[in-house]
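Protein sequence lines, in the order shown, are assigned to chains A and B.
According to this note's numbering, the first sequence is numbered sequentially starting from 21.
According to this note's numbering, the second sequence is numbered sequentially starting from 4.
Since the hints were derived computationally from the structure, they do not count as laboratory data.
For every residue, glycine included, the Cβ atom is placed at its ideal position computed from N, Cα and C.
Relax, there's no trap hidden among the hints.
A short, non-exhaustive set of chain A residues, derived as facing chain B with CB atoms under 8 Å:
no.	residue
1	R345
2	R382
3	M407
Residue strings, one per chain:
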Amino acid sequence: MSEHAALLDEHEVAPHDGAVVLKAVDIAKTYGVTRALKGVNFDVRRGKVTVLFGENGAGKSTLMKILSGVEKPTAGQLILDGEPVNLESTNDAVARGISIIHQELNLAPNLSVRDNIFIGREIRTRTGAIDYGREKEITEQVMARLEETIPPSTLVQDLRVGQQQVVEIARALAADARILIMDEPTSALSATEVEVLFKVIHELTSHGVAIVYISHHLEEALEIADYAVVFRDGELVATEEAANIDLSWVVRQMVGREADYDFRDEPRDFGDVALSIQGVTVAEPETGRVVVNNVSLDVRQGEIVCLYGLMGAGRTELMEALAGRDKISGGRVLLGEQDVAELGIAERIANGMGLVPEDRQRDGLIQMMSVGKNMSLASLLSTVRNMFITRKAERENVDRQIKDVKVKTAGPDALITSLSGGNQQKVVIGKILLTDPKVMLLDEPTRGIDVGAKGEIFALLFREARKGLAVLYVTSEVGEAITASHRLIVMSKGRLIREFDPRTATRDDIMAASGEHDTHYEHDGTQEGAHQ
Amino acid sequence: MSTTTTTPAPPGARAAEEKKGLAGRFNLNTVLVEGRALIALIIIIAIFAVLSDNYLTAGNLTTITKQVAFNAIVALGMLLVILNGGIDLSVGSIVGFTAAVAGNLFRGVHIPGTDVTMFPSLWVIIVLSVAIGMLVGWVNGLLIARLNLAPFIVTLGMLYVARGLTEVLLNGQNITNELSGQEGLNNTGFFAVFASKPLGLPLAAWVMIVLAILFSIFLNRTPFGRWLYATGSNERAAQLSGVPVRSIKTQIYVLSALCAAIVGILQMANISSSTADLGTFYELNAIAAVVIGGAALSGGRGTVRGTIIGAFVIGFLANGLVIVGVSPFWQKVITGAVIILAVAVDQIQQILQRRRNAAKAVASAKAAAASRQSAERAAPRS
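If we strip away everything but chain B, and leave its shape as in the complex, we get (with noise of 0.2 Å):
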């Protein structure tokens, strides 16, 4: 019966985003839950500087944006996905395994049963190992959207795969001599280029920054954006106002294993190597990241800012407790409650606001009932 008045609304419909905007104006609710994520950042950094002479130093402030970095491009991709309700645990894996498939092009592919090896220029190796990490999340999205399969499942699944082939591919072995190429194979200038320091920031930190403002562009003005939050918070509704849910879901998982892959890529040239358990423990610190920034698991709420946010809180903490020397088991420790900390201060915060509007419509009807009733009193049914 009564639909209107009996469904309770979702558990998704969260008081964070119920006064977002039409076109996502400033508005005070929204930089509450995000500046809970800012103000955890500054007093992070606040409590490490006064621990630390070395924590707030040009040289570590650099090698945090670095680190950072990584992890808010592998969180970029990761926001996609858990807009639209999902998860993708693959993604360290394919950090891994585009590092392993480019460093195995710089050694050049032997043509079976010729003597002919083949040696890709720089910009091919790069292209074709991104386009090939790519593809893992391209049967991602497909098990996903087209088979219904759980998104946990499929992913899960896809970082056993992943990180097998890299570990096949490198077959125990890192690359590391083959990477700075060869003068006459045309495939030189690796580092140069992906390890370089444009105007004193890592490229890492360059690749974020353009990463951020596309993603939030791409999200906020879009019709794909739009689609995506909707899709997110309900699929059911979407699908019947003509947003192509299936498509949308494919396509995710695509932008969020090209994500892992530009990651991969980068890494490699951070370490100056391709080894087989590059970006172990990624889609963790990616995942922590989104939800640090506010965004719902559920679905359907998130923003860029915020994951950049969340990026920076846990790249500061990490270092921060090196710096003042916390041994590594501990580190772990805090690490993993700030998180906790972080999502159960987001609930707590929407418990509270339901309670405040569930008085209020008590209030409301109260009142309502009592004038009805004096209302009674002073002309009497007969």
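Chain A on its own, in the form it takes in the complex (with noise of 0.2 Å):
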């Protein structure tokens, strides 16, 4: 039971004098062909708040998983106290007193807050039984540390997010976590419970534990912030103290130059109405929360309009609905003329809407197939005569299609899994190109891809939008809204909340609008300079 005294003797906490706990020393990890983190090195420092900036695909949450024992570099060297270690797991990790906190909440919702705290490590009495007395005694006291009052015998799925946080901080405390790593912690959280989260956060500092801290709600992330570190595209670009920091700097350093492309200049003369989206409202099945709020939108043919919104602003649902995976509570879905809302998936398909999905491996590639075989997937009843597929016919297409798209691959049999992010990607908008589309859906059309491949896929979405396609996609990243849309729309909690011409629009115009800064937030005019 010695592994919880610590926890109990106050002494035994280290000073929050700022000594390098954690050191990275030239991480690097490639996963296939893609270079996630190219040599890396980072310090994570005794009771401070270390905060992770960057973008999507820029780094952090594969840094994070090294940290955390969930993947092994493919180079470099972590240091704990001076000593080199391998983190063979993430129990491993957790013994060495490193311990992770997920974006997605890791519980065991049918099981007591108490059962939850000592999962996988129970305190066991003499006889090999679990010791519930003692393990009620520590969860008690773990919360009044946390400054919580949730009993140890509630069941998880009876609290709210933010107390299940607390729980799953409080796991880590009993685990004698040196070294909290927090992704994204706030994205679930009502404001109070968000400032709950940081009196946690620095009770826990002041006793010497060291946060590591990623968030996409940069005022947010910076006003805890000891350290601010910023990634950009695997690699680590600029590590500063908070004090010496604002705002401006995180987003300058965040986007770096401005991105190799530019579609501003693209000529806007638009055709017809292809895709009139009108009063669509979208409830969430199970819960009936209402998640897409009375949204009308026009697209023009030739025009490429963008949804910038965060996470959990309603634009995944939306796309889903509009794509015909789930269905709309209210309101119409008009391709042209038809009214498509009643429609399949394969029949708003056949009509002229593909959607390239966010989560490419969960919802676009179909892993144990070829590059090919994927390529022509939504395509394929146009290759088929008298019942069969024309081989010769669709192997043109996916022939053609690959040049079309730029896909690097070693031929259309090499396997989809092969590619990098990027070519994937390609493939996914081939897929759909393929069915000769009028309008195009793309759900983060550029998560996780490197900057080359993204300024490639957009100049392939304006290059089909000069021929007419209309083209709707979301993002979170603003630089991108900016510079690759015709038009830029911003989504909060579910509605459309104003727009923008992106040839005027600036970051913090946005940004506000979006609800990422605080609408009160006043900027100085240095601002502009973040992406001009």
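Could you fit the two chains together into a complex? Lean on the hints.
So, in structure tokens, the structure goes:
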């Protein structure tokens, strides 16, 4: 039971002197051909909050997985308390005092708070039975330390999300965490719950716990940061004490040089309305909660419209409802003249509207199939003569499309999982293009893709737009929203908030409209420099 | 965050399928995996041929082929279901049920409240009983596809239901004499057709050959086949590509039941009787054949060729054990061990393949890091 003793003995807790407890040296991680981390050097300091900033795919989550033992680095070394370590597993990391709290909480809802806190490392009595009394005692002590009054016997499913997060933190503390990694901890919390969380974080740091914190809510994260670290394209581009920086610095570092692509000067001669969304409302099937609220929007032939918003703004739900995966509970979806709201996915594709989904692995790719078979999947019926697939026609389509969307592959027979993220995404886009669409929907089309491929993907979309394709895409990257759209609409909490012309819009206006900054945030003139 | 870079490939993405061509052309990896079953088959035949003079005789080979054919036909249906990531435990009961329905139709259908008993003609009996067998599969499919119930549970329940109905229909008595039919009732000729041996090969073997060819074309050349593989590998992605996943799911259980119903008729002709335990455990033999043939139980991977070889492995093994006089108890132990061995070898092969791939990735990353470092040393950053 000695492992729990430190928790109780306050004198064992290290001072918050800011000494480096964990050092990452030249950490690199490669997945197939994708270089997620390109040699990162990074310090975690005792009693300090280190905040990681960076856009999607910048490498933050990969580093967190390495620090917490989920993944092993391809190259480089972790140094814990001056000693090189190899973290063999998450359990190994926990045993060494490194715990991670994931964005999606890892709790068993059907078990009590106490059972969740000790899951996998139960305290035993001499007979080998679980020592519930002792577990309860420790749970209460930890909760008291966190200034929470959740009874140990409460079932986790009966707790609010904020409280569940506290249980996760309590679990880490009960395991004597010295380093606590928090991945987007506030994404599901209310404003009050965020305040409570921040209080807890201060409490922890004052007892010498090192916090590594990831958040998309920049200002919120800056509020509690002692050190700010910025990632971009798998590299650590800047480290600075939080006292010396402000929001504009963070944004500047995150985006770095302006992206290689800029499509703001694209021609704007649009045709008829291709997609007309009229008062669309979507409710979550399980809870009935309205996630898309009375959204109306027209997209014209040749026009690229960007929906900008944070996670949870209802963007993905809107896209999936438009594609036909989820039912809409109100409103009309007109494709040209035809209302497709009642049609299935296949019929909508046949009528000229297809979705490139957000989660490529889960929704976009058939992992067991080749590049070619993935490419032809949605348009297979067009190659059918007398019940059979005409191999020649299929092959021609695939070969042409691979060239057309510039997929870098060994050939159509290569396995889809052998491609990099950007090339996989080109295959998914090419698959929809083969169905000869009038409207293309894309949900976070550049997620997890390196910068070069991002530009190629937008170049492809603008090329198709010039031929008359109407494009509606969703992004949570402001830079992308500004440089790669004809029209930009901010979505927040299920509603369309405000429309911008990307040629005149500023990063701050857009972020403010989305609720990403507090609306009372006052920027100074230097903000403009972030993207100009 | 970054999906591509952090999501591991699903467990189903197997090395074996990795190099399978767009048009399913010849390649070494596929041959090795399926070849494993073929090699096992050759070894089995060689061992028993040495141990017993009666093994490789024309008479014995005919017997084996017939038994293999029954299992292989059921296994072909099972293959479709397994490709989809499902399982069909009800096929053995459907075999018995179809035979019981057919037997009762031979006896004649008594119209309640009258003195009339109708005797359907031979082909009406066959078509009707097969259709009723397929109906069972359709119910399976609807429950699984529309209500999203687990295939294991639904077909396990149907295993009991169909077997129970079989017993109800037979009411404790085998149907034997009526199967020959009567002149004048226009229902004779059952044995002449279904127990026949065209060109010396049992009809069941011909049916197996024809169905294997049809299924092979069906899986490789039609959109339905492609869609089936796609749904088995990633149903959500297939659905978003416009693949009618629900209708596919329903149809494969109907097709699986069709295969079982055909076997029901053939088996009834083979043993000249409709009995309550006909087809018992056929589902397990069929699953074993599919799995030995290199299919992934998680779906998306498997071939007709492999399945047929798998059925032959089981058939030749079982027959050989009988011929050399191994006790029935040990026969079961050995058969079970072969099934586990087949799957274990498959798994080990894939683990090795993954290790090789990982080692390659690490080596190339290290090389890249080293070249970068030397470049940096040459031109140090200020």
